[in-house]
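K.L.:
Residue-level listing of the chains:
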Amino acid sequence: MTQASPSPNPQDNAPPLTTTPTASPAHPGFTEATRGLQLAQIRFRRFTMLATAMVITMTVGFVGLLARVVYLQVSPQLEISQLVRVQQQGLVDLAGRRGSLLDRKGRVVATTGVAYRLYVDAKIIEDFWTFSQQVGQHFGYDPQWILQRLSRQPQNRFIVLDESLSDERVQQLEGFNLPGLGWETHLVRHYPLGPLAGQVVGFVGRDGQGLEGIEKLYESFMQGRSGGLSYVRAANRMPLWIESQSYQLPQAGKAVQLSLDAVVQAIAQEQLGAACRQYGAESGQLIVMVPSTGEILAMANYPEFDPNDLSVSTAVRRRNRCVTDVFEPGSTFKPFIWAFAVEWGLARPEELIDCHEGFYVSPEGRRLRDAHGYGLLTFEQVLTKSSNIGMAVVGQRLGEKRLFAAVSAMGFGKPTNSRLPGESPGLVRPLAKWNHYSETSVPMGQEIGVTPLQLVRGLSILINDGLMVTPTILAREKEAAEPAQDELQIREQVVSRSTSRILRQALRKVVTEGTGQNANSKMYEVFGKTGTAQVADLKRGGYLPNAYVGSFIGGAPADKPQIVVGCFIHRPNAAKGYYGGTVAAPAVKRVIEEILSYMGVPPLPEPTDKNAQNKGTLAIRD
Amino acid sequence: MWIEPDLGDWSKVNDKMRNGQIVMLAVVGLLSLGVLMVHSAGMSVEGGAAVSQMLTSRHFLHALTAVLAMLIASRLDAQKLLMRRGWTNPLPWAMLIAMGMVVAAMIPGVGLTINGARRWLSLGPRSWGLTFQPSEMVKWLMVAAIAAWCARRQGMMHRFVQGILPPLILVGFACGVIVIEDLGTAMLIGVVSVGLLAAGGGRVWQLGTLSPVAAGAVLAAIMHSPYRLRRLTSFMHPWEDPQGAGYQALQSLAAIAQGGILGRGLGNGIQKYGYLPADTSDFLYAIICEELGLPGAALVVVAFLMILWAGLAIVRNRNDVVGRLLGLGILLTVGLQAMVNLGVVTVVLPTKGIALPLLSAGGTGWIMTAAAMGVLVSLDRPTEEGQMLEIHPAVGVAPA
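Listed in order, the protein sequences are those of chains A and B.
Numbers 1490 to 2111, taken from the working numbering, label the letters of the first sequence in order.
Numbers 10 to 409, taken from the working numbering, label the letters of the second sequence in order.
These are calculated hints, taken from the structure and not from any lab test.
Just the calculated beta-carbon pair ranges, DEER-fashion: (1) A:Pro1632 <-> B:Ala229: 55 to 63 Å; (2) A:His1679 <-> B:Ser61: 42 to 50 Å; (3) B:Pro251 <-> A:Val1563: 18 to 26 Å; (4) A:Val1549 <-> B:Gly217: 15 to 23 Å; (5) B:Ala307 <-> A:Glu1673: 42 to 50 Å; (6) A:Val1563 <-> B:Pro286: 22 to 30 Å; (7) A:Gly1602 <-> B:Val357: 52 to 60 Å; (8) A:Thr1619 <-> B:Asp250: 32 to 40 Å.
For glycine and all other residues, C-beta sits at the position ideal for the given N, C-alpha and C.
The following block holds chain B by itself, in its conformation from the complex (with noise of 0.2 Å):
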């Protein structure tokens, strides 16, 4: 993988767009894939979506929606826009707004049960087909949180009460919400903002300390609920109700196999009719191994350590706090959660309700997703010299 080799060499114009256009390309691609075969996994005996109608169907609307999104966000300064001083910063309202969704998501007659578990909301009209999970809203905004928060105490992080205390509640009670309805985003959630507030300066042996609070607060969560229960048994020992618990995981273990390492060919899969539950949006990845073997599998992984070592490259770049913390931040939440979910179809992982970044049909996580990418590619400009000084006054170094 590429690596730039100096840091200090940002200011050529070539080299500067490159990682951010790296970036753009893997996202155009993964998203291009995942509607093609959203459509190729939504055929079914009874009709579903036509694949002749996929460049008039939703999806690609949704697709041309995230490309959009991507692009706008890539023109913001997302430095400025998180450093704001006072009322004006939209970060603590946005978390805010976004907390009170997830708690309303919840709510029987607001919020929506699909697949048994009531995290989503409608966003318009239900026949637009946009429902999306404010947990996933969290998800970012608690990214551009840290980092703004390690920004603003930057060379205090290495202290637990005024580094890493504060955003450490706000996540334990960000995942305390989540955690009723999603674990799984909760964990990502958890361990995404742990690692960036290793990365802003926390001390890693203090962040071990929590550990096992977390590890606790895991465990009783899977212990409350017994479908979380039963899904870790059934990953365990599929084979014990096959038709049952197991089913999910066998069928996606089943689409991998028939598949083999050519695949079947696209749109020649079988699984999708009928046999794997989720086929379109959590279990795609199976039917892209299915119908395209080993080239289509490695293809999807490749775009993603395109866009983490380009990603990676356009973070080393930056030489400001709140860009190097989102940017790691961005790439931490995209891999974890493609990661998760290639574990989950490998039954690596219990099953989750985790969705695979850009692939998996969902309007609004293609969309949030690709704007997420957006933000990444803003980063790769330069920063004005001053704010390579911009340190905190309460360290009591101002910038001449």
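Extracted from the complex, chain A is given alone in its bound form (with noise of 0.2 Å):
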């Protein structure tokens, strides 16, 4: 190998390294083995060069990785941090118990309780068949119906087969294990007195949220807040661990206590079902209020509804007709009347009023017929034997402007304040349509639209000497959901203590002497005023044939009133009777007599005279 060989390598041709001592011409050998060295220096130079190069370009790597990973750590891409929320959150309701309904004595009207639903999930299940029968079998379902209910919606993924299970079923579900079955626990309200009240309670939604009645009218009050907590669940949706302070406890609404008395409301239900059954009536209403506070005791409706049931419900029987329904009261609301011809001086209750036999044409040339035709009446008789006629004539000494302010001192034409939901104002036409037919229609309860509620309400204001008062459906006397304002309110004297008491007097001559003697009891001084109005045809004017409600209004005992009971007879079949005094004052009899019996008032001594029955006057007692 000489110098002059061509060298191939590039490299090769690189200037010689002057600074090599050892390469001296004298030794070509050594020069040889020096050049060789050289190229190795050299290449080694070069791998050198290389090697750094790459691992530079490595670390330039490694450090721009280190920057996406921080970057990905600061600002990860929206729609990521949507994914990891979607996918890892699981979220559970904690739902808040609904306050429970007591009644004045504290037994549980409406209360929540935990209930097992059982629902499957379609999608997964395989065979539907199959399905059907296991769980037909196992549960007590009819597997047909459960196939129908699956193969209607394949896909979805919540079936509910029993929103409620009974505990026999609860018990079955232990150890049941199959795909697509599943069961959780919820809230469902109970109403333990099942149809009792069951038109006042009202009744909750699928969410437990109030849709009408008390339920309604307090559902703020009632309503429980609902918690919930969130946590971290696995790819395969099993919960990992509790979010830290994502844990927000529920709160329990609070309880409400109604002045409904279950018992009372008992026995009301069951006379008023008792009396509209044995006359085939349409429907009818019975309430019972404490005059001297307006507590609403019973409220009842016929037909009965039972908020555990809604689904066989209608609305019509869901409705609290005692507030929603309007009617022309008839002679029930001749007292109001009467009371106040008296209280202004315009009739005395013995003063004798000239009823025309029966038949009389007032002034303006109206006809008014009596059932029962009379000479000449006191104005207590007139009431008594509820004389149409005699009311018309006071009526026309009051004139219209009067009987306007007494119908609107006594509240009708107004909502009672009662705050029950869907509660009607009644129907009282403004002065300035009415006519000098309302001189004789409204005295005798015509022309004129009142609830069952104003009309009983009226009437505690008139026997509880004239004192205003405002029906209520909280219990007054114990911790109620509002406090009751009212109470702090100096009440309006409607009428005078005086005109009160003679119209107790009255009221209780009616039930010993006059029309509503079916409502005298042995056991207690019933006073009241019996009703028979014709129904309002209202599509073409004029009154239904052979549509009655027969009504009875009253209370007992008459030196000092403990109840005010009104019972209302709607559209009864006209053959087996109709007159308030038939179909209505039984009732209110029977009703009085067990509430009072209940509640604790001593009954009159048994009679010792037997003239003496049949005859009770205010001062018999001693």
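Join the two chains, each given in its own frame, into one complex according to the hints.
P.N.:
Here is the structure:
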């Protein structure tokens, strides 16, 4: 190898390393060896350069990747954050228990408990038929019914088979594991008293929100505040742990204590139902009220409605017609006008009124008839015999304005402020629309629409020393939903105490001598007024044939009334009887007897004298 | 980073072992982190590998074996072993066996199919959990083979036919077989081999001319296999199918994002509970990011950079061709593999079956990589004076 040989390697053409001290032409062999050494050194230097470059490149790569990591940590894509949230966060709702409804003695009327709900995830069931058979046989459902429901919605992941499993079925859940079948607990509203005061209590919707009645009225008070928690879950949806500070306690709603007494309510419903059934009535209402406080002890509607069984009821049945429905009261309205005529000195109870032998034509030419014709009656007898003509005559003395004032003072034409949902104000036409007919119609309870509650409240005012009272469904004495501010109010004196006393005497005579003798009780001094009204034909005007409302409003005992009862029988079978004294008065008598016994009001002593029978007077007690 | 300033000064005992020790420290550190994180990532609702049994688990055993393998390998004299002449050189035999196993792994019944790829062989009974990829063995053997070849043919490597062509044929053949089941490893072997040939004296332009051929081969491999194509498209548009093809990439991003800078804390990750597939193996780095945040992520990178730069110092201190190339090949392999894995986890690269060296669960992977690190450490010793002049006789210059 000589220096002349062409070098294939361009590196070999590099300028000779002048720094190499051993390069000497005097020793060619050694020079060649030195040259090889030089080439090796050049190759090593190239290697070092390349190796260092590679490591630097990799270092840059690593630093870049780390920067990428930091970027991903600090500002990840929004979609990534959402993805994480959706897939990892599980939420648990903890329902706040709804407050209970209690009657005035603390009996549970409505309460909320835990129920098991059985549902099916149709999507993951392989064979509907096998599944239906297994579930049907195990729990005792009709397999065909399950199969139908599954086939109808084969993609539905939440088909509820049973909202509230029976206790036996809950026990059968133990150890029964079938893919697609699931159960969960949820809160359900339960009405242990069933149809007792069903229309008053109302009901709740599927999510536990009050829809009707008291449930709706005190919704904000009774509703619980639901809490919840969020947890982290694994990909298979199993919960891993609860996220810190995500646990919010649910809050139970507060209980509401009603003025209703379940026993009184049961008595009322029983007697109302019996009367309605006996006379084939379409519907009926019965209200029991404490006249001094306005507390409603019972509010019964026939036909009955059980809030536990919403599905089998109609909207009409669910309505609390004691406050929602307006009817022409007829003769039960007479005491109100009578009292004001006495109050204003326009008629005295013992004053004789000419009743025109049952047929009368008013100065304006209106023809009036009485069921029984009378000649001269005292004004008191006008009430006890329920003479339309007598009332019309006195009504003309009052005139439109005073009649209107009397009607307004008794609270007709306005809601009673009972706050019961759907309460109607009644129908009292404005004075401007009254005519000469009104003077004779209104005193006998026509041309006017009232609710059963308005009548009962009106009577409560008249017989309780004329003191205004506001009906309430809440218990007054105990801690109630809202502090009873009404009690602090100074109560309006609607009529004087003496008028009230005179009216009580007159109403007592209705029962002892007049149209209401069916209400006369041996146990308590019942007073009251019958009423038989025709049902107005809303379509054609006038009245429907053979359609009546037989009613009785009254109370007991006459000297110090403890309760006021109103009973209204709508459209009884006219062939069986329709007079208020026939269809409603006996029911009121029995209700009063049972309720006052229950309340511990001492009954009258057994009559010793046969003549004293049916002849009770105010002074008979000692 | 620390660079040995004086290339000639390798005789001082105190300095001599330092680079090797740095490498070993980094390796032990990575393995420890690996055992810890594999157990953390292995947590599942069903139970799985209990963290409390970490020190008696097979992962811990594998890590201990890996450290042992590193210590043994660091005692070898790789240079002597690889430069043996004739039939006693173990390299050709080992290469033959490894290639045979690569082929065997592809035979149904012999090879194991994991995650849809048939590239594993079982070592001992299945219950040991020792599976390994023969392609991994080829990966390391190819480094040794090219290093040995370049040492033998030093001075001729600039020639195409006598220099780089024979090793390129070997690489092409090996990659051609491996690419059938494992594109990632094949590409890694190819890139490392080309880099090594360049460092070993090969002309860059000659090697560069081959790049269209290599690119064509890669493209053909991708187009040929539908799942590779799917991976590629899903990498570019992960949101098109977030529950399917794009799932893994999105879950990896979610893991990193959830951890944030500080991380959720060791063991507190969520993505490992069934969300992120391959959380203990290929996507372990995502779990490290989720639980340990930036400190954990940076720790891993720093450990690899320690290996790279300490390794570079070792390599530069060598004065023999085979030692230098062997060391550089090991560095390139470990470094590039780690980078590819990090690239996949951070969704810079499409999903590949490439593990994170010394971290991703896999007993044989840890043991082989640690052994390779041991070889690197073994290079951190003075070469005998004469070896520097070890020049192939074909060049015509013999040591005096």
